[in-house]
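Enquirer: Going down the list, the sequences are from chains A and B.
Number 311 in this note's numbering belongs to position 311 of the first sequence; there are no gaps in the numbering.
Number 343 in this note's numbering belongs to position 17 of the second sequence; there are no gaps in the numbering.
These aren't lab readings, by the way, just hints derived from the structure by calculation.
Just so you know, these numbers come straight off a predicted model, no measurement behind them.
For glycine and all other residues, C-beta sits at the position ideal for the given N, C-alpha and C.
One or more hints might be untrue.
Chain A regions said to be covered by chain B (calculated; three or more residues, Cβ under 8 Å) [what the hints assert, rightly or not]: (1) 149–155; (2) 216–224; (3) 270–282; (4) 294–304; (5) 308–316.
Below are the DSS-like pairs computed for lysine-lysine, each with C-alpha atoms no more than 30 Å apart in a straight line [said to hold, decoys possible]: (6) A:K42 x B:K583; (7) A:K42 x B:K357; (8) B:K357 x A:K51; (9) A:K321 x A:K180.
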Amino acid sequence: MTRMTMREAISKALWEEMERDERVFIQGEEVGLWGGTYAVTKGFYDHFGEKRVRDTPIAESAIVGSAIGAAMTGLRPVAELMTINFAFVAMDHIINEAAKLHYMFGGQFKLPLVIRAVSGGGRQLGATHSQTPDAIFAHFPGLKVVSPGTPADAKGLLKSAIRSDDPVLFIENATLYQTKGEVPDDEDYLEPLGKSKVQREGDDVTIVAYSKMVPAALKAADMLAGDGINAEVIDLRSLRPLDMDPIIASFKRTNRAVIAEEGWRSYGVGSEVSSRIYEMAFDYVDAPVKRVAQAEVPLPYNAELEQLALPQTEDIYHAAKEVLNG
Amino acid sequence: MDKKESIDLYREMVIIRRLEERAAELYQQGKIGGFLHLYIGQEAVSAGISSVRQPQDRLITAYRDHGWAISAGIDPNAVMAELLGKVDGCSKGKGGSMHMADTELNFWGGHAIVGAHIPLAAGLALGDVYQGNDDAVTICMFGDGSTNIGFFHEGLNLSKVWNLPVLWVCENNQYGMGTAVDRASAVSEIRQKAEGYGMPNERIEGMDVMEVRKEVSRVLEKIRKEGGPYLLEIMTYRYRGHSMGDPERYRDKDEVKKWEEEDPIGIYRKELIAGKIATAKELDAVDEEAMKIVDDAEAFAKASPNPDKSTLFEDIYVEPTPVEYRGYALERESEGR
Ligand SMILES: Cc1ncc(C[n+]2csc(CCOP(=O)(O)OP(=O)(O)O)c2C)c(N)n1
């Protein structure tokens, strides 16, 4: 184990997979000479060369589209979108091609492709650059959507994504890059895709979260512990496939749940998870499931307003208290 | 141009420069957040074009928009207040550095998604043609890097097919972030891309404001007379990084130095003095005046309040519309929990 940041864990996963497999290469805007706008691929260009670390024009549909084509030939591209907001430019390729070709051609095409993208707000980047639109990508069967909440998971999940024969959208959160954690050194350390994980055990209330909301939920759980409440925190890690098993098992014990996501509440991750709780464990419900999410506005630039709109640790804490009192 | 106009143009360029230098300081102090893309080095383009843009000509640009905002006529106070996210900013503190606009001034904004505003420009021109505003030209600004995205090609093609009066202007500052033109574009002269759409095009120099003014004025009149789109590539250079915190590994200091010698403000200043339009002393006084305007803008912006909490839910739609979810904290508050 080594203690490292989320950025280092992601970088390490990429580096190790590129060392292991010649077919793995990176392409995207500023991934090479610049070293990645979030410095994830710093040093890659010098080490692996321009054949395998490919700076592209600003052309997201070409970045994703050509990665799909290359994947069809057996290569294992990791296409980087500088932020997930620019995925909208490549939406046709993500949705109409990446998510469908394998099925539509009767399983003939394999797309061992990873699309990395940075999601999330809170950095005063304004409405078009601050979105957490993760849920919409999870709407489409055929695409795997993964989003880690801890450095260890970031490494293990990204390595699995690269080794997977399916297209995977790997969503990172810029405000998590500096968070630190213990990460296994093993070069074959893999976390399974499509498995939720209990990050903290407890019997009083179930808190479901992913990505940036995981550290927030763990902090909220600490606050709750101060009040004598034991919260169980479950990290989805994967939005599609969505693994409900640990959530249902937990809910059957706690009978109460809060779901936290950074994106908007309407039609969101919390909507999906709570709906499945009602479907799968209706008899165990002791209080309405609560969803903590972003206020329904395009995020404003002003820092105070922006923070007001974003879900906070305290919101998770209060929501948990409410489902317990309700 | 008479003496007053000549000096106004100089003042405008100096205000842009000083305001952005101040913005860089305020950014370092944490007073400005998000991305801050400075226009320093490119002032002759916004000043030159704006000096010949007519009130009926619409203007639209990308996120490197402070210079454009000031050249379009937005009060430096409102520009600075927007940078600080204050309620008196030109976008009420909701837009920030990348999203300045003033529709009264026919300035349709800074837009942060690369190239996304290019098809909008075709639509602005369509609006004028459709409504019989025969005299109007839409001026659409974009960087060299933006000419590699689909939006650009779709927008240009449409403007030609529909014969829309758009002046497409590529501000070629030679890099899209850290990527030099040659590493991202199949043709090294951006203007060549217009050839593929049968569109007249030219490349001009962009460090001398009088030259920009002269050439753009000629092209605008040509569009007004003959209709249809035209593409201008204007060669310029940004002295600062792409945005704040750019390590600038992609270019060497000597290259930057070489271009700094062609400083658009320095060139124009020399011209004014050589042409006996103004004395060095007069221009020094203008420099001071500009500094004072920037000092005032900073004070104004700092004194302006943050937008009220309630404004979070204003302007989502034009029509008053219920907000389903106000966010957990605000819901708790409004329900008195
Ligand atoms: C669709 C999209 N992709 C990527 C970005 C990130 N980005 C912002 S500016 C920029 C470079 C643009 O370069 P250029 O068009 O030459 O304009 P300049 O910055 O030189 O003014 C990039 C890649 C973005 N904003 N939108």
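Enquirer: Count residues of the segment 308–316 of chain A with a Cβ under 8 Å from any Cβ of chain B, then say if the count reaches three.
Expert: holds (count 7)
Enquirer: Below or equal to 30 Å on CA atoms is what counts here, so check A:K321 against A:K180.
Expert: holds (28 Å)
Enquirer: Would the hint linking B:K357 and A:K51 be met if the CA-CA limit is 30 Å?
Expert: violated (42 Å)
Enquirer: With a cut-off of 8 Å between beta carbons, are at least three residues of the segment 270–282 of chain A near chain B?
Expert: Result for this restraint: violated, n = 0.
Enquirer: With the threshold set at 30 Å, check whether the alpha-carbon distance from A:K42 to B:K583 stays at or below it.
Expert: The given pair, whose Cα atoms are some 27 Å apart, holds under the 30 Å limit.
Enquirer: Tell me if chain B covers the segment 149–155 of chain A under the three-residue, 8 Å CB rule, please?
Expert: violated (count 0)
Enquirer: Does the segment 294–304 of chain A contain three or more residues whose Cβ lies closer than 8 Å to a Cβ of chain B?
Expert: With 10 residues in contact (Cβ-Cβ under 8 Å with chain B), the coverage given for the segment 294–304 of chain A holds.
Enquirer: Three or more residues of the segment 216–224 of chain A near chain B by CB distance under 8 Å?
Expert: violated (count 0)
Enquirer: Verify the proposed pairing of A:K42 with B:K357, using a straight-line Cα cut of 30 Å.
Expert: With a Cα-Cα distance of about 29 Å, the restraint between A:K42 and B:K357 holds, given a limit of 30 Å.
When each numbered hint is compared with the structure, violations occur for hints 1, 2, 3, 8.
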